[in-house]
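Novice: Now for the letters of each chain:
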Amino acid sequence: MPIKHRVQRKSLKTSHTVSSPLGNPQAHQSGVLQKLLQEDPACDYDLIVIGCGSGGLSCAQEAAALGRRVMVLDLVVPSPQGTSWGLGGTCVNVGCIPKKLMHQAALLGQALTDSRKFGWECSQQVKHNWETMTEAIQKHVGSLNRSYQRALREKAVAYVNSYGEFVEHHKIKATNGKGQETYYTAAKFVIATGERPRYLGIQGDKEYCITSDDLFSLPYCPGATLVVGGSSVALECAGFLAGLGLEVTVMVSSQLLQGFDQEMAEKVASSMQQLGVRFLRKFVPVEVQQLEKGSPGKLKVVAKSTEGTEMIEGLYNTVLLAIGRDSCTKKIGLEKIGVKVNEKTGKIPVNDVEQSSVPYVYAVGDVVEGQPELMPVAVQAGRLLARRLFGGRLEKCDYINAPTVVFTPLEYGCCGYAEEKAVEVYRKENLEVYHTLFWPLEWTVACRDSNTCYAKIIYSKFDNDRVIGFHVLGPKAGEITQGFAAAMKCGLTKQLLDDTIGIHPTCAQVFTTLEITKSSGLDATQKGC
Amino acid sequence: MHQAALLGGMIHDASHYGWKVAQPLHDWGKMAEAVQNHVKSLNWGHRVQLQDRKVKYFNFKASFVNPHMVCGVSKGGEETLLSADHIVIATGGRPRYPTHIEDALEYGITSDDIFWLKESPGKTLVVGASYVALECAGFLTGLGLDTTVMIRSVPLRAFDQQMASLVTEHMAVHGTRILRGCTPLRVEKLSDGRLQVTWVDLASDKKDTGTFDTVLWAIGRVPETRGLNLEKAGVRTNPNTQKILVDAQEATSVPHIYAIGDVAEGRPELTPTAIMAGRLLAQRLCSRSSDLMDYDNVPTTVFTPLEYGCVGLSEEEAVARHGEERVEVYHAYYKPLEFVVPERDASQCYIKMVCLREPPQLVLGLHFLGPNAGEVTQGFALGIKCGASYQHVMRTVGIHPTCAEEVAKLRISKRSGLDPTVTGC
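Going line by line, the protein sequences match chains A and B. Number 161 in UniProt numbering belongs to position 161 of the first sequence; there are no gaps in the numbering. Number 394 in UniProt numbering belongs to position 394 of the second sequence; there are no gaps in the numbering.
Hints were generated in silico from the structure; no laboratory data involved. Where is the CB? At the ideal position from N, CA and C, for every residue including glycine. Hints are supplied without guarantee of correctness; some may be wrong.
[What the hints assert, rightly or not] Stretches of chain B that chain A covers, calculated by requiring three or more beta carbons in the stretch to come under 8 Å of a beta carbon on chain A:
no. : stretch
1   : 5-14
2   : 28-40
3   : 269-282
4   : 392-406
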């Protein structure tokens with residue numbers, strides 16, 4: 001219930017002494033109450049959120065639920081190829097959701113192959129229709145866009161389909177698609193503008209290449225594709241494109257999955273190579289030329305080695321750039337109000353309550369420096385921020401041990417330290433690493449390889465053998481990893497892992513019977529039931 | 001075979017995702033051969049492992065002569081006497097046949113047989129309400145066979161009953177015919193070789209008949225203790241269940257004789273518990289350790305078409321133990337992302353976390369109904385072993401997009417009465 005009503009109710013009671021300003025009508029009029037509530041009648045809104053993706057939406061909805069006047073601004077600047085999308089941000093439109101659905105489409109292709117071994121009389125050569133798939137996916141994405149619009153309406157959040165930028169303190173200019181400008185003021189702001197794919201800065205890149213912004217709604221099959229980059233986006237896209245039957249090459253300038261455990265990254269690459277993905281390591285494109293127009297057309301890519309003078313050329317139907325993402329902090333007027341931005345990364349440094357260098361400006365999501373670029377992190381951060389700002393709560397977002405999964409054809413899930421990072425922080429002699437290869441039961445009859453899936457746990461000897469790193473390469477890695485992340489939150493140790501009974505038959509159970517350490521040098525291949 | 005059935009569903013989904021495939025027929029013989037070959041490879045693998053570890057393997061049927069001596073009879077009838085300091089009984093159980101139905105043995109098969117059939121069982125009646133019954137009925141339906149399950153009273157008796165009813169509801173919606181409150185009276189063989197079953201509806205006392213190619217009895221399992229001559233060793237059994245009575249050390253009434261696995265009284269009938277109990281027992285016998293088996297909070301999964309994973313207490317057990325006022329149940333109906341494109345029905349996809357109401361709200365039990373339930377549940381079972389509370393789980397960042405993250409997103413309590421359907425991305 002809004003505070004104002006409570007004040008009116010209390011003022012009817014005359015027989016008691018009111019000690020708090022909440023019950024004192026004079027206090028309200030004198031402005032003491034406003035100060036306490038951080039309400040500012042001079043402002044149009046209590047909160048303006050710039051960017052309506054996972055973080056922005058979560059924050060706005062929570063603030064509105066707490067009775068605040070909230071506005072969100074969201075406008076998608078079309079990609080160089082002209083792609084745009086609706087409300088909901090990266091995850092819904094050009095990230096997690098369409099990615100997982102295309103990954104699922106590719107997995108189903110594999111399932112068709114497996115099914116024959118299980119007795120299904122499936123024809124040998126099954127073809128895939130790209131348009132059927134993208135139409136179905138876009139239909140779902142559209143329904144999500146609409147459901148978010150409904151949710152905002154129902155919560156009385158003002159949604160403006162405009163580009164927001166600061167013009168002075170507490171004031172923004174909102175420019176809509178037609179160029180019309182409107183100005184709004186708010187007591188507090190949250191920047192949740194996220195990121196967009198980076199380009200190479202070479203000839204032909206913006207003209208002829210696509211990115212993840214374009215791939216998920218591409219109206220034609222991309223054909224033979226060169227994926228440039230070693231990020232999770234690059235590998236996930238390369239993976240499902242190959243799974244759909246396309247010829248795929250991945251060109252990486254240096255490391256794969258930078259920031260991830262490198263042993264696992266190499267195993268991911270290996271599993272992709274088994275599916276026919278070609279890797280060109282230590283090369284970077286220098287020019288993209290269009291040889292033929294079309295849907296898709298034909299492109300020539302000239303690349304140079306990062307280690308020498310070697311030059312290579314290749315012909316592809318599509319070039320997909322996935323070399324990283326840049327924060328959308330450059331053109332939103334942050335310099336006008338003095339919000340500090342990391343010059344190198346473009347990200348906004350915040351303190352542990354998501355506050356920027358300007359006290360009334362906060363940031364959540366991918367645009368924030370030093371936090372995992374994950375949707376659930378953005379959602380959690382946004383929600384808790386709103387509760388702290390307007391709900392009198394103190395809880396901060398807990399980023400420690402945020403689990404993550406790379407949805408390559410063989411999925412990789414992890415939580416905690418990469419092995420090399422653990423060694424750096426704890427030193428090798430203070431760690432124990434248990435590992436094993438394993439063979440999912442479903443792969444046996446399907447005649448898939450018995451020594452590809454891999455499980456690894458890193459313990460800190462200091463800390464009662466606490467689990468500080470969890471890594472799994474196998475089917476359904478996301479479903480497996482989630483529960484382990486919760487267990488790590490509870491202080492999972494080796495003893496507890498050993499004491500827990502496995503669920504049989506699953507892949508996850510392999511963690512309850514890990515026996516072989518890396519230090520023993522013993523063979524980690526799986527035998528038996 | 002559950003996987004074979006799931007693959008059938010995936011083929012159906014695949015066409016929605018753009019794969020140009022028509023729904024194919026299923027060849028039972030091909031599947032059975034592949035499954036049987038794999039099982040045989042495991043048999044062989046076990047033989048090799050025993051050899052590698054220098055364990056002497058006798059292919060004998062054993063029974064007790066006295067507390068320290070066992071008589072082993074080979075297939076050819078030769079007897080060998082073997083004595084030992086310690087003896088472990090791990091004879092497991094076998095499917096039960098209904099005693100009141102004439103020719104039940106001749107006309108019906110059990111789980112011992114179904115996985116070894118060379119030809120399709122065809123139109124099948126599964127009698128029973130156990131997870132064996134539901135799992136078998138589930139995959140038979142998924143493989144395209146006309147399947148009926150006959151349940152005398154409640155499905156999955158030992159499990160959370162709300163979850164059990166969602167499991168069977170899903171099966172009923174997806175093509176399995178479920179006859180509740182019925183029990184078979186007679187099975188007769190017809191001239192064309194098919195089986196005619198007569199049953200009675202216990203509520204109305206009305207009789208009905210049906211014709212089937214196969215009748216599968218899945219009405220429980222009996223421990224393999226009858227042929228062991230346990231009385232010669234002095235080993236006591238529970239007169240009702242016929243299972244061997246054991247203590248926390250897995251010891252029977254005779255100090256040097258032990259029993260583990262399904263044959264032991266009061267133990268969960270699960271492979272991993274038997275394995276661990278066996279391993280720990282061996283370590284104790286060799287004085288390598290004094291660790292006892294912990295049978296609390298053992299997770300398990302029922303591999304029905306929509307899988308059900310669980311660990312800890314059911315809602316009714318929690319309420320019985322702590323009282324309704326002291327228990328808080330968080331729940332959600334969710335939709336797996338993969339279901340949206342093929343427009344699969346997700347009405348029974350449901351999660352329930354049973355906690356103590358008092359902060360930090362210790363998790364007493366977790367129940368997950370959905371795809372890959374085993375994979376989802378395993379990690380959370382570890383969390384419960386670590387003393388997870390609702391607070392811990394809620395502070396865990398979700399992995400997006402997965403079904404498992406819905407556990408970390410549980411917010412609505414049953415007590416609040418609010419709609420537990422998950423909305424949004």
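Novice: List in ascending order the numbers of the hints, as given earlier, that are violated by the structure.
Specialist: none
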